[in-house]
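With these hints in hand, go ahead and build the complete structure from the sequences.
Going line by line, the protein sequences match chains P and L. Sequential numbering from 1 applies to the first sequence in the numbering used here. Sequential numbering from 602 applies to the second sequence in the numbering used here.
In case anyone wonders, no lab produced these hints; they're calculated from the structure. If you're wondering where the values come from, they're calculated on a predicted model, not measured in any experiment. Cβ coordinates follow ideal geometry from the N, Cα and C atoms, glycine included. A few of these clues could be false.
Using C-beta positions, here's what the derived DEER-type ranges look like [said to hold, decoys possible]:
#1 ARG499(P) - PHE891(L): 47 to 53 Å
#2 VAL467(P) - GLY922(L): 41 to 47 Å
#3 GLY70(P) - PHE843(L): 54 to 60 Å
#4 SER1085(L) - ARG499(P): 53 to 59 Å
Pulled a few chain L residues facing chain P out of the computed Cβ check, cut under 10 Å [unchecked claim]:
#5 GLU609
#6 THR766
#7 SER772
#8 VAL796
#9 PRO929
#10 ILE942
#11 GLY1048
#12 ALA1059
#13 LYS1062
#14 GLU1070
#15 ALA1074
#16 LYS1076
#17 LEU1118
#18 PHE1159
#19 ASP1189
Number of protein chains: 2
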Amino acid sequence: MQGKFVSEKNVKFLLHEVFDAESLCRYDLYSQHSRKMFDMVVSEALKLARNLFHPIFADMDRKGPEYENGTVKVHPQVRKIMTESGKGGWIGTTFSKENGGDQLPWIVAGACSYIFFAANYSAGVYPELTRGAASLIAEFGDDRLRQTWIPDMLSGRFQGTMALTEPEAGSSLADISTTAKPHADGYYTLTGQKVFISGGDHDGVDNVVHLMLAKIEGAPAGVKGISLFVVPKLRKDDTGNFTSNDVAVSQIYHKMGYRGCPITQLVMGDKGDCRGWLVGEKHKGLAYMFQMMNESRLGVGLGATAIASAAYYAALEYTRGRKQGRKPGQKDPASPMVPIIEHADVKRMLLFQRAVTEGALGLIMQCYAYADLERVTAGEEKERYHLLLELLTPIAKTFPSEYGIHATSQSIQCFGGYGYCDDFPVEQLYRDARIHPIHEGTTAIQGMDLLGRKVIMANGKAYDLFVTEVTSAMKKAEAYPEFSMYVEKLGESLKTLDRVTGHLKSVAGTDGTEIFLADAVLYLDLFGLIAVSWQWLVQALAAKIALSGPASRKDADFYEGKIFAFRYFLGYELPKVQALAERLTAKDPLTCECVSAHFND
Amino acid sequence: MQGKFVSEKNVKFLLHEVFDAESLCRYDLYSQHSRKMFDMVVSEALKLARNLFHPIFADMDRKGPEYENGTVKVHPQVRKIMTESGKGGWIGTTFSKENGGDQLPWIVAGACSYIFFAANYSAGVYPELTRGAASLIAEFGDDRLRQTWIPDMLSGRFQGTMALTEPEAGSSLADISTTAKPHADGYYTLTGQKVFISGGDHDGVDNVVHLMLAKIEGAPAGVKGISLFVVPKLRKDDTGNFTSNDVAVSQIYHKMGYRGCPITQLVMGDKGDCRGWLVGEKHKGLAYMFQMMNESRLGVGLGATAIASAAYYAALEYTRGRKQGRKPGQKDPASPMVPIIEHADVKRMLLFQRAVTEGALGLIMQCYAYADLERVTAGEEKERYHLLLELLTPIAKTFPSEYGIHATSQSIQCFGGYGYCDDFPVEQLYRDARIHPIHEGTTAIQGMDLLGRKVIMANGKAYDLFVTEVTSAMKKAEAYPEFSMYVEKLGESLKTLDRVTGHLKSVAGTDGTEIFLADAVLYLDLFGLIAVSWQWLVQALAAKIALSGPASRKDADFYEGKIFAFRYFLGYELPKVQALAERLTAKDPLTCECVSAHFND
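Next up, the structure:
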């Protein structure tokens, strides 16, 4: 399949003009890199995405995984995707040299993942999951675990997974029942079931390494009794040969989208011989897993954004070519029809898609910038980046996931009936996009994380830091009087956020946790609108600077387009803050008062 | 497949307690009917929906239509669906006795269509399309056309279609190029192509009767030169036998959802022998077609609502059975988990689905009530119902179509990962739902119809009538002080609508049509929120009256649930009016200023 799915120019605009990624190279960890190197890496990612990932985008959907005799057959190109991802160093990009990586900043690695996801989300998940699993071993595993597993994972020979969910424990991880019994030889014997495990088994790799949560016999109840284990599909026996580790795939799920990647149900220890190796300390598994989870949440946001990007470029191409109707006021039926991109409502839909995609990408890259800086700074500065990253992660996961659904839907709408048919990629992108508000913590979980934890942690410090960041961008915008109308809107919205946050905190004290958190999802939406508006302001400022220098006509169009998207987001989307605030400050806890019986008929 | 897809109690609540359908029986046309009769009809519809439509809901999706050697093979049960729909009188329900119908009010017929659509949208389309096509012949065709085609259509032996769209003329019907050449024998010879024709050919019937738009040679350009023809797949020859009429199916479309019904591309006159018979007068085809179109638009709204209903009941059942987590504040991991319907955010998602479904159904039944009254009244009263119906049709089409996407999406969200898999019906419902903002006039077309035509027609009289209707419901609500907070909100929103409408009318004068109509879709959304809030107030008032009488515990739950849904809609959804109004009154026509080049990179 042909067709543009991502803008290299926009990726580079964000990397260099907005986030000045090269400035990271002043730190030791990244000192081997340069702007030129970053650009090369991005170009290589694009090449691989175009040549390997994108051509099988539709085919991986049409020929989904098949479960046969206990194994999972995936698209034949998956092996190549894993091998090439390993060979090109894409799995280990961010890893330290000693762990076999390139010490690339997250902001650059993220840009590359974005490109792979935009080309083919399902295909991108295989290496991405492997990276996450390997990084947990790198961070918390002992030398032996590191040496045993990391090299084969980074080379793409072994698949990594994240095995948390169980039939009775999805959003509620406290209730997992997979058990681990210590064995005298140092390993644990595991028994239990896991469901919805992405990439949990397939024939595109030689082995699968599960990073699995389980409870050691006699562990405390709830989240405080969860430990993390490496549980491979095949384990090395004493002679160094691989042998079955009693992890069986009992089924795969038939999904609406994201069909190129198998989601499996696993049964551990059916024959009493499933071995796992403890990662780090006992009972600290959830905390370890949350490192991977936070990375994964940004990854989900990135995937959702990337899918929206592919849908946006498909719609852009279509609306430029498709002629239909005339401009309002032009009634002469003999006059030629115009490309539909000339209709105001079509431009509105395109601006929505662009504003969501590029705004969300900005927010996620902002998070990666904080992560990169957290890695190399110390003391108060490190804490600052850490808190901002913690605060913004649920938003960077959810905003693109939720708005990505609307963006891909608007892409379909740009195509009319053709968008609903599989001659164009957008119906698949719409199906693929729907997974994101569900996996790696549903939107409800993210809302509770933001309001119930992140906003109040460290005595509200993360929240205050965020306000400082936004205010600082607003300050810079004072140089451009033509932005004042928008900056004012953002300022008002920030005040609204303050008011709502204060109100909810007082509710927590007077009305209890249930009412406090009842509309956390709306609070998350409100916060997201402001965070993305902030990012649009930052991008618009960078565009203004570029426009003040010598720019080619084409560059000028791009930068002026950025300013249109900025105006669009603050003019059309940001006002929703007022509606959300009205509800969030209403004294009418109807979703708490209403009970199951009220849905009877 | 088992599972509830619709609430009989709610349908009867709307028919009797809200709209007092029986009061229609005082008019001659409906005098043979009674409340008891209406209830019997609804029960029969439910029986057929449960026994015939619903069991093949998933199967029709999995085994979609196939195009083989120029013909379209559909699910083997389609023939039974058409036969039973004919036998039970479901196709001709609203037709006059003389045309072979039952003279049933639209409000009752609509309730039945709703039930069929909720059971299986694709299946419901076959008889529904046939009804619409036959009703055009009944209304505008001559005796011979009526006698030739209507009986076989109402019996379900022949499929009816609506053939408008062409490769180069979708939203822009002025540009159709199918031509009709008069023949001395009274018929016309047609040449051209049609695309996206629902039910355009299939082996579940003996013949297909297209109601087709074409231009007679030498006709005026644009919409004023469009005529309407009956173009059958097989025509009767002089001996009364059926013979091919040179209408070929060149392909079917592979759609994301709504897969039980084939969408076809037709080629007329490839052999120079495709005959069509003029319906009514020359060049008046578009006006005739708009009768069917308006019926179809309400039908699309109904279908969208019905799909949302099926998704809502699936989510309700699941959330009552699925246990996960504990109430906020309950930290003891040893305490039992609760059904997820007890979580406030899950109740919020269920209330959203219920509020959308039952609110939209109320609005559509309100439209049918106006249609029924328009049919039997005269003079100013008739005009009143006509204008209200005209005004509300684009809203009754669009609100359920757009919010139905969100409602089915929230249903998936209630299921978590399971909702994304085909073990449950909701992923199909989500796919099915996406067609509705596209067919029978996209959302953009509906927006322009509302703002550019309906709101200003008759010097704003339709608009004024609407305001009177809403104000009258608000007046009735004064009897319930506990509603005052909500009624006040509705009153403010109505004022906002007034303000926005006035502003836009003045923009039309000063800034021209393009800027006037640029955000017509947002205006439509704003209007829809108010119209559905009005319907929720009407339903809440009916619930209050019921609660003041003797009600069983179960009935009381239902009525109290209605009031929760009312509070939900006005508390969570209606405030969005303010955000839409902010944009609609902004002096920043950015979607008009921005041009194609701004999307360059």
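Handout entry: Hints violated by the structure (numbers, ascending)
Key = 4, 12, 13, 14, 15, 16
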